[in-house]
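FYI, the numbering for the sequence shown is -21 to -1, 1 to 482, going by mature numbering (1 follows the signal peptide of the UniProt record, and there is no 0).
Don't read these hints as lab results, they were simulated from the structure. Don't take every hint at face value.
Here are the computed distance ranges between Cβ atoms for each label pair [claimed, not checked]: (1) Ala55 x Ser371: 16 to 24 Å; (2) Gln43 x Glu395: 45 to 53 Å; (3) Pro347 x Val(-9): 29 to 37 Å; (4) Pro50 x Ala282: 40 to 48 Å; (5) Val205 x Gly255: 19 to 27 Å.
Quick list of in silico lysine-lysine cross-link-like pairs, DSS-like style, CA-CA up to 27 Å [said to hold, decoys possible]: (6) Lys364 x Lys389; (7) Lys16 x Lys44; (8) Lys36 x Lys12; (9) Lys375 x Lys203; (10) Lys272 x Lys389; (11) Lys364 x Lys296; (12) Lys307 x Lys272; (13) Lys375 x Lys272; (14) Lys252 x Lys234; (15) Lys16 x Lys187; (16) Lys203 x Lys216; (17) Lys272 x Lys216.
Ideal Cβ positions, reconstructed from N, Cα and C, are used throughout, including at glycine.
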Amino acid sequence: MAMRPHVWVLSAVNLDQYCSACAGPAPAEGGLKRCPKCKTVRYCNSECQNRDWAWHKPECSALQKWAATAPSAEHAIPGEAVRCLGRILWGSQKEGLDSPWAQEIRMMQSNRASLQPSAFESQTHLAHSVVRYLGVSSPQELEPYGLRSAGDLVDLISRFTTNTFTLTAPSLTPIGICVAPAVALANHSCDPNAVIVFPRSPSASSAKEPLLHVVALREIAVGKEVRISYVDTTLPKALRQKELKEVYSFVCQCKLCSRAVPADPREALWCPKRCGGICPYPTEDDPLSRCVKCNAPIGDTDAVLDALRVGEEALDKATALQFRDPAKAKQLTSNIIPILTSAGVTPSSHPLLAMTRLHQELLIADLPTALSQETLDETVRTAAKYSAGLQSLLPKGHPVRAVALGELGKLLAVDEPSPPSGPNAAGRFPPSGPARLKLAYESLVKAHEELLIGFGKAGGGGQLGREVRDAIVRLEKELGVWTSGIRNALEDTRAARAGPSSK
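Make a model of the complete structure from these sequences and hints.
Shown next as structure tokens:
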């Protein structure tokens, strides 16, 4: 199933990187065209700008007024939630308060009655910000938007916060938020049978983008419910339940949450006797932890608990610093990953999996300016660990797993600045030369197979699937050159050994 969301907006940091109409990246030539009035939103071309004008016209004026009264340049652009709610309200006026479009917005579920206390402050602040953004000064001025009381505004914000989806690039990079009422009807499972992606199919024109696709990860029998996940399913049960309760006001009872398992791979340590089994995380209340395979006990549980606590704190700090101070963030991830690893934390476990992913992103961001063999190899090793961690958590074809495989393959395919040589090069990871290219090829082939599942076979796995397919073709040619070169060298050697032919 594919449909265009009712509304979508880009996050502030992406407004100069993507088109506000089609959510496509900046064109390679010419870049994006900025709105000359608000100087905030940008477009691929005049077609995108003209198509979006009916939606942007009231927004344009609101953005200018907001910027004029902002206390600093840092706050000159309202947050994505405020801008998205603004588009919902202006859209209701544009389409008509009794239109199917507006009715579908109003039919989305509201959790106002069961709102968690932790959400009171944030939703109150959001309500005040929306009122300021609209430029209204009395309750009567909200009536043209279909809001006849403060309760109506609270209901709208509740429906918005519990039914909003992340807008992503084809690579799954978050770039904004969107609202699609029909898709919001899908219920949650921590073991979903479907996913939401934005693959940017070649068959769809930019005028129809962004297109939200609901893709089945496996066969769904007739009459069975389509379920998606509202949260990151690589997180441990406690963190998933916490987010679901705070944001969506329910306790998940899916199979993944209700099924008792000896050890969850999201919270596991390697067996201290290295038998290949895993041990559940120890806790303050239950410090005794044993391998589920050989029953060997974990020794120094206090050290494990300390490492996990430090890892959680460092992950929060590094995530907050990722864009503000990436060097400091990378220093944190570089220091903490070895601590978690030495404590026996498995690659699939939290917070090591998330920390590994963040470290990979920070390393990749540095590659264009600091490409050395050492940095490239560290990035490849980090990508391999992250991909391996996902294998035991996500089913084949899950978009997150497929993208990770593709990233690993692309990194392996990067030209080596100074390939190692000598006896120490044998048996190292990642390998060098033809062996490296072969591993890149195998990783990309696996990635393409999974992209066809997670992003839809009909569209060739979306934009990312096409990119990976093209990379596979290039590697096939490069490996062919290597093979031909080796064959020619062997033939020359044999000819030299045979000597000149006698007459």
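To see whether the hints hold, each was checked on the structure:
1. Between Ala55 and Ser371, the C-beta spacing of about 45 Å breaks the proposed range 16 to 24 Å.
2. At roughly 51 Å, the beta-carbon separation of Gln43 and Glu395 lies within the given 45 to 53 Å, and the hint holds.
3. For the hinted restraint 29 to 37 Å between Pro347 and Val(-9), the CB-CB distance of approximately 19 Å leaves it violated.
4. The beta-carbon spacing between Pro50 and Ala282, approximately 47 Å, falls within the hinted interval of 40 to 48 Å.
5. About 37 Å separates the C-beta atoms of Val205 and Gly255, a value inconsistent with the hinted range of 19 to 27 Å.
6. This hinted pair checks out: Lys364 and Lys389 have alpha carbons roughly 15 Å apart, not beyond 27 Å.
7. Note on Lys16 and Lys44: the hinted pairing holds, with a Cα-Cα distance of about 11 Å set against a maximum of 27 Å.
8. The suggested pairing of Lys36 with Lys12 holds, with an alpha-carbon distance near 16 Å, which does not exceed 27 Å.
9. As the CA atoms of Lys375 and Lys203 are separated by approximately 21 Å, the hinted pair is consistent with the 27 Å bound.
10. Straight-line distance between C-alpha atoms of Lys272 and Lys389 comes to about 36 Å, which puts the hinted pair past the 27 Å bound.
11. For the suggested pair Lys364 and Lys296, the alpha carbons sit about 22 Å apart, so the restraint of at most 27 Å is met.
12. Among the hinted pairs, Lys307 with Lys272 is inconsistent with the structure: their alpha-carbon atoms are about 40 Å apart, more than 27 Å.
13. Proximity of Lys375 to Lys272 is assessed by CA-CA distance (about 25 Å); at most 27 Å being required, the pair is judged to hold.
14. As the CA atoms of Lys252 and Lys234 are separated by approximately 31 Å, the hinted pair breaks the 27 Å bound.
15. Our distance criterion of 27 Å between C-alpha atoms is met by Lys16 and Lys187, whose separation comes to about 25 Å.
16. Simply put, Lys203 and Lys216 have alpha-carbon atoms about 24 Å apart, close enough for the 27 Å limit, and the pair holds.
17. Simply put, Lys272 and Lys216 have alpha-carbon atoms about 22 Å apart, close enough for the 27 Å limit, and the pair holds.
When each numbered hint is compared with the structure, violations occur for hints 1, 3, 5, 10, 12 and 14.
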